[in-house]
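> So you can see what is in the structure, the chains are spelled out below.
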Amino acid sequence: MFARGLLFVWIAAWIVLGFAWAPVVPVLGDTTRVLYFHIPAAWVTVVALAWSMIQSVLYLAKRRIEHDDQAAASAELGMLFCIVATISGSLWAKAMWGSYWNWDPRETSIFFLLLIYAAYLALRGAIEGEERRARLSAIYSAAAFVAVPFLMFIVPRIFDSLHPSPILPSREQGSMDPRITMVFLAMLVGFTALFYWLLSLRARFARVERRLLEAVVHG
Amino acid sequence: MERKASSSAAAVWAILRKECRSEWRTRYGLNAALLFAVTSLAAVSFAVGPLGDRTDILSALLWVVLFFAALSSLSHAFVREIEGHTLTLLRLVASPTAIALGKLFFNLIFLVVIEAVTVPLFLLLMGGPPPGWSRFLAMLSLGSVALAASCTLVSAIIAQTRGRGALFAGVSFPLLLPVLAAAVKGTRAQWLGGTVGAEASILLAYALAVFGVSLLLYDHLWED
Amino acid sequence: MSAAVAQPVTAPLALEAEGLMHRYGRRQGLDPLSFRLAAPSAVVLTGPNGSGKSTLLRILAGLLRPTAGSATLRIGAEDLPPSARRLRVGFASPELAFYDELSVTENLVFAAEARGLADPRVAVATALERVGLAARARDLVPELSSGMKQRLRLAFALLGGPAVVLLDEPGSHLDDEGRASVARLVDEQARAGLVILATNDEREMKLGAQSIELRRRGLGDPA
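Chains as they are written, first to last, in my numbering: chain A, 1 to 219; chain B, 1 to 224; chain C, 1 to 223.
Derived by calculation from the structure, the hints in this document are not laboratory data.
Be aware that a few hints might be false.
To be clear about the criterion: a stretch of chain A counts as covered by chain B if any three or more of its residues have a C-beta under 8 Å from a C-beta of chain B, and this derived list gives those stretches [said to hold, decoys possible]: (1) 81-88; (2) 110-123; (3) 133-141.
Cβ-to-Cβ under 7 Å is the rule here; a few derived chain A residues that face chain C [claimed, not checked]: (4) G129; (5) L213; (6) V217.
C-beta atoms are modelled at their ideal positions from N, C-alpha and C, and glycine is treated no differently.
Work out the full structure: start from the sequences and follow the hints.
Here you go:
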């Protein structure tokens, strides 16, 4: 109870601070604020995918359904955060460079992640039987795992780049006001905590649902 | 151990021969795939016309056509077994890995046959400069191996879903994107007279990665 | 006569099940079961519909991974891993289907080659003789009647003379002559190794010296 309240206050407070207190990055102007949402969302997207894939492999190794619960829950949430990241990135691109989508490396990467999530969830939706669904989607997840490094790093380089790199220009002297960094890191923590909370909720829900059905069957 | 390895190889070989014989007897799979490939090629050619030296579009279109041909046909190998209820028979005589490998090699041969028809037709219809043959063929063969490896694993999964092959294209797409990207880039490079070393390495690395991970995963494919 | 007829197993053979249980989703397919069977023997598996006879045979054949428990096949002191089990266990059940575009012989030769049998063609010829299907060897599978298809399944199960033969309702679709040959085949196999047959047919129930009876699950059984 307390933790949830704290999380809510934390995120809300840092959002306000991000607008009212931290300055803008000169080159980005008012769009600086998107840093606080877009990147944490993208970060959670990647974390969620990694977690989902790890749980998939664990399921194949240990065959405990709890691993599948985690894999599925993480994928659902990851998809959500991925959509947030994609849309916020697209809006930012429009504000910065005038067009919603350019297929630059970062946009391309996030799109690929969206595809993987969509494919995984579509696959799950089409398989009957809890065990079979867990097993087959875990196999796919493990296979997608080898594609991810190629999709994230190699493929985008094959296209031209519009995105400023690195995201946090630490090399530029004095360009990152410490207040910006603080808000950014705080939001990173907040988003991660939010993901963790939603994940445990979702996994718990799956467990309860299963126990309920078993109780009905066994009387 | 020695017996196990040789009987696995025997199983793979027997399955491959069986696939070829079955395909040859019925042929509807091959016919459908060739028809599809030629049709999509004709559609592209009709819509775009000869492209002269637009090598960027040429290489992209070539691979798009090949991809569509692969996506429309490579799932048949497993869907056929499920629909004919012969998977039980297969599983009783061979290990899951042997089954998958047999199908993989068959899919590769199948792809090569389709490409043997489609690629010359493409070069003919779409114009374009003569390719640097060794580099062009390197791209084609490495791309095909990567394609076959990915499609075989995904189709083995998809065949067990409701709606069988319907999801095949969508689900395999993320896994095929690296192949598409590298193959298109490499094919264009060879038309521009450049080297394809980087793209060839990517394709090879990817094919090996997918194949390697598949070998670990095949065992889990069929358990009920 | 050759290597393909059931050969007496020289080392002691045991098939053990330990707490084997299977659930299909929410539905109980097989109640927890343990047993130890030794060769040579013929075992009859009985029980009402839905009690798990087919489920048990599929688990023993390696086609189905049980929800809980394990089954081991031991020859001598050696626990056989799944790949080796595949070579020593023959299986036939009503849903076993063959390739329609291939002939009887082609189907069986394929199976024999994939299994790595030493002399595939000889093994196939012998199996066909034993089930009385030799005359139809070159026919394509769709040309067979349901009784002939059943004989084909039996030939497949006996291919290469496996140590353990699992038969699910072996007499289905067969005429009296067919059932008589099933009785004969079960008898031959029981002398050489282990045969387990699942059946509801009273005549078939008499073919086994031992029996395992599965009871239907009570409350909670699905509609």
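> Decide, hint by hint, whether the structure agrees.
Hints, verified against the model:
no., hint, verdict
1, 81-88, "violated (count 0)"
2, 110-123, "holds (count 7)"
3, 133-141, "holds (count 5)"
4, G129, "holds, 6 Å"
5, L213, "holds, 6 Å"
6, V217, "holds, 5 Å"
Against the hints set out earlier in the document, a violation occurs for number 1 only.
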